[in-house]
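2 protein chains.
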Amino acid sequence: MDLKDLFKDIDKYLDNNVTISGWIKNHRDQKTFGFIDFSDGTCQDHLQIVYDESLANFKEIQKLLVGCAIEVTGKIIKSSGRQAYEMQAQNIKLLGDCPEDFPIQPKRHTKEFLREQAYLRPRTNLFQAIFRLRSIAAQAIHEYFQSHNYVYVHTPLLTTADCEGSDQMFKVTTLDFNNLPLDENKKVDMKKDLFNKLTFITGTGQLHGEAFAMAFKKIYTFGPTFRTEKSNTKTHANEFWMIEPEIAFCDLNGLMDIEEDMLKFIVQYCLDKAHKELEFCDKFVENGLLERLNKLVKAKFNRITHNEAIDILKKADVKWEFTPEYGEDIAKEHEKYLTEYFNGPVFITNWPKDIKAWYMKLNDDGKTVAAVDLEVPGAGELMGGSQREDDYHKLIQRAKELGVDVDTVDWFCNLRKYGGAYHSGFGMGFERLIIYLTGVDNIRDVIPFPRTPGSCDF
Amino acid sequence: MDLKDLFKDIDKYLDNNVTISGWIKNHRDQKTFGFIDFSDGTCQDHLQIVYDESLANFKEIQKLLVGCAIEVTGKIIKSSGRQAYEMQAQNIKLLGDCPEDFPIQPKRHTKEFLREQAYLRPRTNLFQAIFRLRSIAAQAIHEYFQSHNYVYVHTPLLTTADCEGSDQMFKVTTLDFNNLPLDENKKVDMKKDLFNKLTFITGTGQLHGEAFAMAFKKIYTFGPTFRTEKSNTKTHANEFWMIEPEIAFCDLNGLMDIEEDMLKFIVQYCLDKAHKELEFCDKFVENGLLERLNKLVKAKFNRITHNEAIDILKKADVKWEFTPEYGEDIAKEHEKYLTEYFNGPVFITNWPKDIKAWYMKLNDDGKTVAAVDLEVPGAGELMGGSQREDDYHKLIQRAKELGVDVDTVDWFCNLRKYGGAYHSGFGMGFERLIIYLTGVDNIRDVIPFPRTPGSCDF
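Top to bottom, those sequences are chains A and B.
Sequence positions in the first sequence follow the numbering used here and run 1 to 458.
Sequence positions in the second sequence follow the numbering used here and run 1001 to 1458.
No lab work stands behind these hints: they were computed from the structure.
Be aware that a few hints might be false.
Just a few of them, taken from the derived set where beta-carbon distance is under 10 Å, the chain B residues facing chain A [stated by the list, open to error]:
id	residue
1	Ser1135
2	Asp1167
3	His1208
4	Thr1339
5	Arg1451
Mimicking BS3-like on lysine-lysine, the simulated pairs with C-alpha atoms at most 30 Å apart in a straight line are [what the hints assert, rightly or not]:
id	chain 1	residue 1	chain 2	residue 2
6	A	Lys264	B	Lys1171
7	A	Lys234	B	Lys1171
8	B	Lys1093	A	Lys394
9	B	Lys1093	A	Lys197
10	A	Lys59	A	Lys107
11	B	Lys1008	A	Lys192
The beta-carbon is built from N, C-alpha and C at its ideal position, and this holds for glycine as well.
Isolated chain A (complex conformation):
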C-alpha cells in the first residue's frame, strides 16, 4: 500500500499488518535490532521501521545502505519515539541494492550539487516537497477552471506564424544542418522541410486560445512554453510551463476578479492538500511561508493604474537604481516597493501602449492599453494580461505599427470580424507560481529538469 494512504487513516491500521515498498532514507543498526527511516515518495512523512534479530535475514538487513529499495511487511504500532507510530517489521526484502557511493546521503547537500544530480535530487526531502507541491498546484489549476466551465485547450506548439519576433523563438527542422538544400537564390530552401516552411516553437498559446474563447466563451491552456533568451538569471529558463486563460464577454475588471479568485483558490487548495509540503518549506526554505499564504487567501487585492503607481514611487523616500517615470516600464525594485507599500498583492492597470503587446486594447486616451499586471509580495509579477483589441481596424493598425507580419495571423485578426465580442485573457508562468508557493528562489529548483543557456543535460 501507499504510505500516503496509511498515514491518512493510520489508527485504522493500528496493530494490523501491512506491506509497503519504498526506499531506505536512513539506517541505524544496533547489535540486536535496527531502525530504518523509510519513505515511498507518496507523501512527505516517513515511517520508522523497527526490526530485530528475530528476522531470519537479520544479518543481511543490517548491511542495507541508504537508497536501497525494500519491501516490508510489518505491524503498525504506537511508537515510544518522537513519531506517533512505527512499524514492527516481520519481513524485509531487498528489491534494489544501492552502493555506498550513492550521492544522496542523509545530510545537507547544496542546491548547486543537487542540480548536477537532477535525476536523483527528487529523492531528497526538499525536492520531494517541491515536486509534490508542483503536481498538486497543477491539479488546483485544472480543478479551478474545469469547475468554472472553462474548456482546456491544447494549443499547438509548432507554428509558422512569426508574430512574436522570430528571434525569441526556437526554429524547428527535420533538415540536415550539414547538408541543407538551397533554392535558386542560394538561400536555404525551407520548402524542403517537413512543413514546407520555416517553422518555430511558439512562446504563447494566446492567439489560438482566443479562437477557442470565441467558440466556448471560457478556455484555458496549460502547457510548455519556450524562449530563446540567453539570460542566466534566477528567474529565466528556456523551457517552462504556462497557463493562459481567455474569456469572452469579460473586460479588464472582470479579468482581475478572475485572477484574484483563481490565485486564492490555488493557494487554499495547496494549504489543504499539500500542508506537509508547505510546512516543510516554511521550516527549511522560508520562515513565515505559511503565514504569508494564509494571509493572501484573506487579502483584498489592490487595484491601481500605472500612473498611480508612478505617483507612489516618485513620492517614495527611496534612492532608486532606475528612476520611475510616467510612460515607462517599472523595474523589479519598484514592484517590490509597491507590494510592500500595500502590504499585499497589487494589480497595476492601464499601461503605456509602447511597452505592451500589439493585441492589447487601446484605451480612449490613445496612450495606454487595458493591460494589467499582478504583483505579489515575494515573487513580483505573477500574472500579466489584458483586455484584447476587438476592433479589427485598430488591431491591424497596431500590428503594422509594431512590425507584425499580419499575413501570418490573418485568421487571428478575422476573429474580430465574425462575432468578435470584447474579451480578455492573462498568462501565468507556472514556475513563478511554484516559486511563490514554496519560497524557493531559483527557477532551476522548481523544474524537474531545467533547460537554461548552455545547459540541457539529462
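Here the structure of chain A is known, so what remains is to put chain B in place on it, guided by the hints.
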C-alpha cells in the same frame, strides 16, 4: 451567467430574469416576432430566445445574422416548442457583428472544408462536442492519477539525448540557417547554439518519468509529443499529446490492472460529465457509440500472449493481407480481428524482443520482452507499455545491441544502480483516446490545430 449553469438547474430560474452572452447559431425572423437559436459554448445545449416587436430595437434585432455575438436579458419560461424551456427576451444587445459571408452557416459542412477553417470550426456543434469532450477527458485523466497518489511530472521536451533515433526527432536551434557557424572541419558548429550542443524535441517523457518514479513511486506525464514521421494517414500527426505513467514496484500484471482501471474510470467519467457531447456523437458520428462505451465499463479485459494471439490468427478463416507469424509484429487487420474475436478489449503480452524497445524487460526465454499492448474495439492499439529492464548489465547490453548511444543516457541506466526496483509504465496517445471516445475517425478532427506533413497552418 453560463448556459451550462442555467441548464444544470433550470427549474430554479423559471419565471426569473437572467442575462447571458453568446452567439447566434440560427435566426428565424417573422413579421412581429423572431426566434434565435443561442449558444455560449459552455455546454452542448442551445437555448431558444423568443423576441417580439415590443423591444425598442426590434427592427435592428431582426437583421442580426448567424455568428453575431449578443447579450440577452430575458425571462426563462416553459416552451410550447420542441424544447422544454425558452427565453422571452427583454433586451438584446449586439456585442459583435457578423457578416453574411461568415463561413460557418447552419447547414452540414464537410470535415475537409472545416479543416480549412480550423479557427472557426469549434463553433460547429460537432467540434463543440469533440473539443469539450477532449477537455473533460483530460480532466478525467488528471483526477484518476491524482486521486491514486500519482505525482504529475512535467518532463522536459528539449533534449540533447539521441536515444530514440534522431531521424524521428525535430532538431531545434537558435542559429541562422543562412549563416551557420562552421567548426575547423567545416561542419556546423553546434557549440555555438544556445545549449552548446545539437538539441532535439523529444518524443517521450518516459526516461525522465522513470527517474521520478524512483523517487515518488507513482508518477504520470501528460504533455505534447512530437514525431517527424512523413506519413499522411488518418492516425498520424506530427504533434500530439501523450500520457505516460510510470510505477515503481509494479510488474506486468499490475500494469494491466492499472491500464484497465484507468480506462474504465475515464470512460465512466465522460459518460457522467460529457453525456450530451457523447449523445451528439452517437447520433451524428457513430451510431451505437454510447452502447459501446457502456459495455466497456463493465467488460472484463482479456489477456493473451503474443504467441497465443498468433495461434488465434493462424486458425482464423480469413484471407490476410499480411500473414500472421510468430516472432513478428501484428498488423491493423489482426488487431481488429482479435478485438472482434474476444468481443472486447484485449491485452497482448510478451512480445518478440526484436520489434520492441531497448529498455523493456527481457523475459527468461531470452526471446521475448515483458511488453503489453492494449487493443480496443474500434480504435486498435490504445496503450503500449512494459515492465522495464531493471538489470543494469542487461540494459546496457540491449542498448548496445540496438545502437543506442549509452553515453547520452548514462543517468537513466544509473537508475538501476541506485535502489532501482522492478517497475513498469505505459504510454497512451491522447488523440487515440479521443478517437475511441467520440467515434471520429481522423486525428485531424480531434486536435484543435493539427500539424501534419506540409500542413502547419493557423
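Tested hints:
no. : hint                    : in the structure
1   : Ser1135                 : 4 Å, holds
2   : Asp1167                 : 8 Å, holds
3   : His1208                 : 6 Å, holds
4   : Thr1339                 : 28 Å, violated
5   : Arg1451                 : 5 Å, holds
6   : Lys264(A) to Lys1171(B) : 40 Å, violated
7   : Lys234(A) to Lys1171(B) : 27 Å, holds
8   : Lys1093(B) to Lys394(A) : 22 Å, holds
9   : Lys1093(B) to Lys197(A) : 43 Å, violated
10  : Lys59(A) to Lys107(A)   : 25 Å, holds
11  : Lys1008(B) to Lys192(A) : 52 Å, violated
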